[in-house]
Structures are given as C-alpha cells and as structure tokens.
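Same order as they appear, the protein sequences are chains Y and G. Going by this note's numbering, the first sequence opens with residue 144, and the numbers climb by one from there. Going by this note's numbering, the second sequence opens with residue 272, and the numbers climb by one from there.
Errors might be hidden in some of the hints.
Claimed, not checked - Listed next, the in silico PhoX-like pairs over lysine-lysine satisfying Cα-Cα at most 25 angstroms (straight line):
hint : chain 1 : residue 1 : chain 2 : residue 2
1    : G       : Lys347    : Y       : Lys498
2    : G       : Lys619    : Y       : Lys572
3    : Y       : Lys352    : Y       : Lys164
4    : G       : Lys619    : Y       : Lys147
5    : G       : Lys512    : G       : Lys619
6    : Y       : Lys198    : Y       : Lys221
7    : Y       : Lys572    : Y       : Lys396
8    : Y       : Lys149    : G       : Lys512
Stated by the list, open to error - Every beta carbon over 12 angstroms from chain G, so not counted as near; a handful from chain Y, in silico:
hint : residue
9    : Asp163
10   : Asp247
11   : Asn349
12   : Ile422
Said to hold, decoys possible - A short, non-exhaustive set of chain Y residues, derived as facing chain G with CB atoms under 10 angstroms:
hint : residue
13   : His155
14   : Ala477
15   : Gln478
16   : Val500
17   : Arg510
18   : Cys518
19   : Ser525
20   : Gly552
21   : Tyr555
22   : Arg561
Worth flagging that the hints you see were computed from the coordinates, not collected in a lab. Just so you know, even glycine gets a beta-carbon here, dropped at the ideal spot from N, CA and C.
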Amino acid sequence: MFRKIKGGVHPHDEKQSTEDKKIEFMPIPQKLFVPVHQHIGQASIPVVAVGDMVKKGQLIAETADGRGTPVHAPTSGKVTELGNYPNPIYGSSLCVVIESDGLDEWQENLLTTRNYENLTPEEMIDIIFKNGIVGMGGAAFPTHIKLAPPKDRHIDTLIVNGAECEPYLTSDHRTMMEYPDDVIKGTLIAMKILGVSKCYLGIEINKPKAIALMLEKCKGTPIEVVELETRYPQGAEKMMILAITGKEVPSGKLPMDVGCVVQNVGSLKAVADAVEKNIPLIERIVTVAGKTVKDPKNVMAKLGTPFSELFKYCGGFTGKNGKLIMGGPMMGQAQVNIEAVIVKATSGIVTISEKDVDYVPERACIRCGRCIEACTMHLMPSTLSILSEKGQHQTAQTDYNLMDCVECGCCYYVCPSRRNIVHYIRQSKAKNAMVRNAIKTGSK
Amino acid sequence: MPQVQEKSDLISSPPHIKSGDSVKSIMWTVAAVLMFPAAFSVYIFGLQATLVTGVCVISGIAAEFLCQILMRRKIKVLDGSSVITGLLLGMSVPPHIPLWIPALGTVFAVVVFKEFFGGLGANIFNPALAGRAFIMLLQPLEMSSNWHLFPNGSVIANKLVTAGNFTSEAFLSITGATPLTILKNGEKFALDYNFSIENIYDFFITNNILQSLIIGNAGGCIGETSALLIFAGGLFLMWRKIISWHIPVSFIGTMALAAYIYYYNTGNPLPGFLTLIHVFSGGLFLGAFFMATDTVTTPLSARGLIVFGIGCGLITFLIRIIGGYTEGVMFAILFMNAMVPLIDRLFKPKVFGV
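Please construct the entire structure, taking both the sequences and the accompanying hints into account.
Here it is in structure tokens:
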C-alpha cells in the first residue's frame, strides 16, 4: 500500500519521453560560463584570474560567508574572462568563463579512494563543504549545513527523496536506475553523519522500475523503501515527512524540529562521490524535455553549459516555444535567455510549446474553493490572493498564515478563474519582507 | 544546425501548466445539466414551460450584454452565468405564469444582483433567488397559483364523498394546490370543509404522492418537480467535481431531521411519511443541488459549507413547518448567503502544522 498526502494535484506526469533513456554524457562545450552565485546566500568570490590555466575540479570561487558553497572548475582549460553572463536564477551574475582545452584533465591528487567508515562525521562534513555539495532537487540548499543541524535538535530519521513529483523531470529517476549503489552509499554516509539508525527512501509509484531496483539493492541495509502516491507536491519536504512518518512539521518550524532530515537522491550521489572519491560537484544530470524538444533525454552536463548547447545536443526544437523553464513546470523558473547556464540546482530544462502556454487573462475569483481543496498546507489561497490584490499583506500574515505557503502552485493549477494565486502570495511575502527590513534598518 | 530561439516569448511566475477547467466550462456544464429537468418539464407542463424558461434565459443574456456595454465592462456574457440564472429562475416559477413576470425577475437578478455588485464573483446573493424574491413580493398571487393539477385528483373526490360533506370548493382547494400548501393549510381545510386531517393523508397516499414527487408529476414550479432528475444532475456535477457533497447533504439532512423530530414530538401519526413529502417537494432538491451550491455565494472551506447547509436546512424547516409561509428554501438560502462572510471568518481550514 502506498502513502498518501491530503490535497495536492495530479497533472499528467509527461515522464514517458525520458524515463527509460540512459543518461548521456554530453561532449564538453567550447566555453563554460560558471556562475559564482548559484543559490541563496552570498555569491562566492572568484579565486582565479583571467589567463589562469585551471584543471578539472580545481577551486575557482570561495564562499564569502559560511552559508555559501565553493565552486570548482568543471573541466580543464583557460580562464578567459570574469564577467556578467546570464544566470538562470538571478537573471545575470558574475561568471568565470573557462575555455575548454579539450583534455578534461583532473587536478592532481584529487581522485583518491577512501572508505567513509574510517572518517568522523566532522571530517565528512568538511569534505562535503569543500566539494561544494548542495541539494540537487531544485532548492540548492548547502548540504553541509543541512547535515549538521544544531546540537539541541535530536535527529532520528533520514528521509531520502526520490519522489520527483514534478512533471517531465526524470533526472532523479535515472540517478536511481543507473547509480543505485552510489545513492545507497551516500545515504549510509548521511546516516553516519547524522547518527541516525532509521532511514526511508520515498519513491512515487509512477516509477515501478526504480522501486523494484531500490528494493533489491536496499536488502541488507537499514534503508526502507516506501512507495508514495503519485501526487504533486509529494516531493516537498513537509509532505514527504507527513507521508512517511505521519508527523506534521509545525508552522514556522523546520523538518529538523520533528527529528527529520530530507535529502534528495541526486545530492546523496554527489555526497558519495565527494566523500569516497573526493570529486567536487562539477556536473549534474539534467532532464532536457518538453513537447518541442526533438529528442528529449537525460544528459550529464557540466555546470556552466548554456541551455542552448543542451538543446542543440538534443536535436533542437521542432516547434515554436512559448516558454523555457529551468526545473519542472510546476515550480521551475521561466527563463528570459536561452544562453542561461546549468547550475547546481538545474534538475531539468523544459520547454512549453507556444500553443500550450495558457495565456487566458485572469478574472474575478468565483470562490469555488478548489484552491483550498488543493492546498497541501490547508491555507485559504483565494483569500490570500484577494488580500494581496488589496494590499492587505499584513492581514494575510496575521490572520491567514501567509508564511506557511510553500509556493507549490497547486492553487493556480486548479483555479478556473486563471488567477495566479501563488504569484500574489509571493508578492505579499516580498512586501512584508520589505516592511520588516525597513523597520529593522530604521530601528538601528 | 538546429535552430535555437534566442529569447522565449513569455516570462511569468510558476506554475507553467494548468488543469483544464475554466469558469466558462464550469458554467456551461451546470447549464447543460439544468437542461434535463427543464426539458422534462415540457413533458409534464407542456410547451408553456419551455416558453417560460426560454424567455428567462434570453432576457438574462440580453440584460447582461446590455449592462456590460453600458457599464463599459469587458463583455463576459459568453461565460454562461446568466444562462444559469435564467434557467434557475425560469425553473422556479409556476408553469402558467404571465411571461413578463419571470422576465422582469431575471433582468432584475442579472442587472441589480450581479452586475451592480461587480459582476460574477462579486455578488453576495444568488442572483436567481434574489430575482425570484423580487417578483415574489411584486406578484405574490401569480407566484403561488396556477399550479399543475394532480393527475388523479378525482380519486380524492370519491374519498371525500364517502367521508361526507364534499363540496366542489374543497375539491378545488386541495387538488389545485401543491403538496406543501396542502400540508400547511391541512387543518384549516379540514375545519373549513368539515373533514378530518387523516382524510388529507389518505389523499396523499391514494395519489401515490411520493412517487409523483420523485418523478415530477405533481404541483409545483417548472423545474422543482422532478426530484429524481435533479438528484441525477446533482450527482453528475459532484462526479465532475463542480459541486461538493457538503451543502446538499447537510441541507437536506438537516431539513429532514428537523421535520421528523417535529412531527414525531407533536404526536403526528405519520412522521416519516410527512418528512419524506417535505424532502421531495417544493424547491428543496433544486435549491440544495443547484442554488445553495452556487460557489460565489457560499463559504469557501468544507466546514463552512456544512455550516451553511445546516443553516439553510434549519431556516427552511422553520419557515415551512413552524412559520407562516409555505415554502422556505428561497429565503433560507438568501439569508445564509448574507451569512457567508461571517462563516468564512469563523470556519477556516485547520492549517498544516498549526
């Protein structure tokens, strides 16, 4: 029997175009534009200069504060420029431009083999930090922070997220299919770091092959494979924890407050590579899909590869694109520029054809309540959107739990009035944050 | 060299995909479902019924169109909401009513109770019911006479003859009324024409009243007679997830429970039978499945919907059985419509992790 969540939606998963295709290693493009700012927190600071020769895996940018992660050279070559180039998250940001020398040479004494069992948790956390590992499910939260919760939190459960509830994306699925041993190794490492004995691997039942494989591979390990209902947003941390442990993460709290840590399968593979082989995060599996992509596939792509190169590798487009999205179509970011590059958080790049873009102007709420039914956080999205329209952002926060919204977008997905409710909610959150900051700076 | 577009055309915040339902598809589905009882009414009442509903629908569309032009609003008349208003209003008037009355009601409903409030989505009261209340107060007599006669009313004649004291007046006042009027005025009739209240229950039983009500072969407004068709339409809408079960179940359930308790406690010999007559007659089914479920004028949360339904059921019971009016569904729903902001504030869903 599979575990269920309350609410959510079930869009067509569209995974059939890539789910059974083997991961392909893409030839290294001539130039890589590696952004130094790839996730929340401060941008990292470049430690190379124009003209430097770099080796694959060499450190090219260091963190400015403890919350960032270092960035490494995805291939060997020459640094030709430090300049602003398209960044899929921030529009544009400082990038280290590396011209590949075509040799793809590893930095010396990088590829070592060690056994994680001989390392202490602190050593492993340090290795993970130095190798720039982040959550690869899409949010790109630094893994070394997530795996080292404050001492006063008692962590008893590790949850491995193989749900992959976004339509189109199959990169986690292919990771489980092709690197099951690495995923398990990474899981065992994370368990040792956290000092937990209980571990669950949650997979949606639309991936029966992955479930069967992982069930077999997990035999004899403390990892229990859990089948989850195919329902978006099953892969959201709080939903994952609810479905697997039955615990509700309290409002305003984090998974660690109920003793859970959730890690994506892709991140755990990266953890395994980092800890046992000392390989930094320099490439990732990216699903390239969409109805206009000629030959959709999963590609192992270097960080800094422009999207345009990936689409070329996948045969180009067969029709006119309406939208280009980094991530899945439910939570991914629409892109302005096809020259934006692969970053650590890019789980996929998806196109929406021109005729599939739903461009119906929104109209007044008819109070049908579908958004309330679909809201997995049990909020009143329609009311929040109306309050946002009226500028009553504070009321939204005090009376309607604005901050509990996880922005999964189910409310917009079901809205017959085509109201982009989640967008209104984001605006309210941003406005409130502005007010908070203004008060903070004012009182200083 | 495959062609790569330099820039994508549309930037918007996620999500980038949507489910298929729109306001338009919802409204037209409801309208289509309402066509079934409307078409069936032709079989019972003749072409006059189509004429009434037809006039209502056309005047509704025309009124909305003109209104949106004059108010310089976006023309949204094709979304089908005024078709529903017209159909519902047409189905809630007596079949032989002069046509100008329901037409006026629809225009009033659409113009005053929908467009003046800001159009679909901003109206507080169910437009069809508000329009009906308006013509009810304007033309009370026309709105409560000209009912369809009982199919085998003559049976009662013989019954009453054998009971003695039969007059043609008594015959007319009973066979020409709706079951609810008979129930309401039963004791008065019995006193006036000198027969016992049991004669009336007898009359109902001999006439297979429940069967007539379920099929639709009884006195009543155009669309509210066939409980079966309305129920089937309601089930279809529930299956399509356009309406939820909360309001119909709590509304009809509360009404039935209250009626049964009342009849039982007042020592009535047939509490269950009379309760069933109340459930299947009048506008209860049409109201509970098609009017009280209008999403715009009902609460948002599931708990709110149940509270709304219970309120509707209780008020209907109070008006129909305790109060002085024959039919209470319309006022019950309108009254509860006004309560919606309050209900919304009191019954929010329980937030995750709170």
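Checked hints:
| no. | hint | result |
| --- | --- | --- |
| 1 | G:Lys347 <-> Y:Lys498 | holds, 23 angstroms |
| 2 | G:Lys619 <-> Y:Lys572 | holds, 21 angstroms |
| 3 | Y:Lys352 <-> Y:Lys164 | holds, 13 angstroms |
| 4 | G:Lys619 <-> Y:Lys147 | holds, 23 angstroms |
| 5 | G:Lys512 <-> G:Lys619 | holds, 21 angstroms |
| 6 | Y:Lys198 <-> Y:Lys221 | holds, 9 angstroms |
| 7 | Y:Lys572 <-> Y:Lys396 | holds, 17 angstroms |
| 8 | Y:Lys149 <-> G:Lys512 | holds, 16 angstroms |
| 9 | Asp163 | holds, 22 angstroms |
| 10 | Asp247 | holds, 24 angstroms |
| 11 | Asn349 | holds, 17 angstroms |
| 12 | Ile422 | holds, 31 angstroms |
| 13 | His155 | holds, 9 angstroms |
| 14 | Ala477 | holds, 5 angstroms |
| 15 | Gln478 | holds, 6 angstroms |
| 16 | Val500 | holds, 6 angstroms |
| 17 | Arg510 | holds, 5 angstroms |
| 18 | Cys518 | holds, 8 angstroms |
| 19 | Ser525 | holds, 6 angstroms |
| 20 | Gly552 | holds, 4 angstroms |
| 21 | Tyr555 | holds, 5 angstroms |
| 22 | Arg561 | holds, 7 angstroms |
Of the numbered hints listed earlier, not one is contradicted by the structure.
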